[in-house]
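Student: Sequence:
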Amino acid sequence: MDVNLGAVDLGSNSLRCLVVGYAKKRLTYRASGLWITRITEGIGSGSFVAEGRAVDRTMAAVREALKMLDAFGVEKSMTKVFATESLRAAGNGHSIKMMIEQLCALPVDILSPSEEAYLSRKGALLGLGGHDVVFDLGGGSLELSGEDFAHSFPLGAVRMTGLYGEDWKKIKDAVKIALAGAKIHGKKLAGVGGTSSNLAMMAKGLPNSEYHPSKIHGCKISLEYLALTRQRLKSLSVDERKNVLGLERGREDIIIAGISVIEALLESLNLKEYTHSETDLLWAQCAAMAESRGLEVEGIVL
Numbered sequence: 001m002d003v004n005l006g007a008v009d010l011g012s013n014s015l016r017c018l019v020v021g022y023a024k025k026r027l028t029y030r031a032s033g034l035w036i037t038r039i040t041e042g043i044g045s046g047s048f049v050a051e052g053r054a055v056d057r058t059m060a061a062v063r064e065a066l067k068m069l070d071a072f073g074v075e076k077s078m079t080k081v082f083a084t085e086s087l088r089a090a091g092n093g094h095s096i097k098m099m100i101e102q103l104c105a106l107p108v109d110i111l112s113p114s115e116e117a118y119l120s121r122k123g124a125l126l127g128l129g130g131h132d133v134v135f136d137l138g139g140g141s142l143e144l145s146g147e148d149f150a151h152s153f154p155l156g157a158v159r160m161t162g163l164y165g166e167d168w169k170k171i172k173d174a175v176k177i178a179l180a181g182a183k184i185h186g187k188k189l190a191g192v193g194g195t196s197s198n199l200a201m202m203a204k205g206l207p208n209s210e211y212h213p214s215k216i217h218g219c220k221i222s223l224e225y226l227a228l229t230r231q232r233l234k235s236l237s238v239d240e241r242k243n244v245l246g247l248e249r250g251r252e253d254i255i256i257a258g259i260s261v262i263e264a265l266l267e268s269l270n271l272k273e274y275t276h277s278e279t280d281l282l283w284a285q286c287a288a289m290a291e292s293r294g295l296e297v298e299g300i301v302l
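With the UniProt record's numbering as the guide, the letters of the sequence shown map in order to residues 1 to 302.
Be a bit skeptical, because a hint or two may be false.
[To be verified] Below, computed lysine-lysine pairings styled on DSBU-like, alpha-carbon distance capped at 30 Å:
| no. | residue 1 | residue 2 |
| --- | --- | --- |
| 1 | K122 | K234 |
| 2 | K204 | K215 |
| 3 | K188 | K176 |
| 4 | K80 | K169 |
| 5 | K170 | K183 |
| 6 | K272 | K122 |
No wet-lab data here; the hints were simulated from the structure.
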């Protein structure tokens with residue numbers, strides 16, 4: 001059976017859309033889209049209310065994602081729309097969910113922290129075998145998962161920027177304090193999420209116009225590279241960062257926080273590096289859809 005499947009992730013900093021094809025027990029990359037929405041604008045240590053331009057940006061991005069899905073002939077029955085910390089933490093998350101459901105004519109699932117951690121791990125391991133810990137750093141939260149644990153922390157790049165600006169020392173201290181009481185263990189770390197993708201793009205020196213998941217999937221990101229990149233970007237103004245190859249427009253003001261969170265994570269786990277994965281919870285959702293229809297998934301093709 002050959003069919004296209006699609007997934008839409010209503011994230012805290014961006015809305016992402018993925019289209020994959022299913023054939024011969026494999027999921028094959030077809031297309032993807034990303035739109036900066038910053039729906040969690042104003043988020044700090046607690047909840048927030050999504051309103052005004054943030055909602056307008058999100059609804060416009062949903063329309064663009066629907067156009068992409070339609071262009072690839074993805075049927076409604078083969079489409080999954082979901083949200084993470086973006087709507088979990090929103091005081092009006094339910095009303096935003098209903099607005100999007102009305103626009104999409106599809107249900108919107110708000111994933112629990114444990115569901116998000118599980119799917120991030122499942123997605124990463126679709127494309128990267130042999131890794132026993134997976135992190136997913138988004139705008140609102142950080143998920144960490146292993147074979148026998150799953151944790152979610154309010155340590156996303158947008159949230160940490162709102163709390164600490166670009167004070168990377170305070171950010172790293174906050175992360176280490178949050179992780180100290182959690183039972184996290186493993187020797188090989190894989191990472192997904194926007195900050196990680198941008199780090200891989202910058203490491204490869206790729207302009208965003210040349211993005212393809214196969215170009216950065218499996219990229220090794222070292223602790224030394226993280227520190228050097230943070231220092232380099234910190235020396236630039238926010239406007240100057242817009243010209244850095246591989247740094248996505250709309251991420252220049254939160255990238256320092258994102259890098260600092262990953263640095264602190266590696267230091268907490270006493271690891272020197274991690275492996276970036278382009279297969280994430282979007283891929284996991286597509287795999288789950290296929291499997292729920294009796295379609296076995298044995299691998300992926302980027």
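Student: Tell me, which hint numbers fail for this structure?
Tutor: The structure conflicts with hints 1, 4, although it agrees with all the remaining ones.
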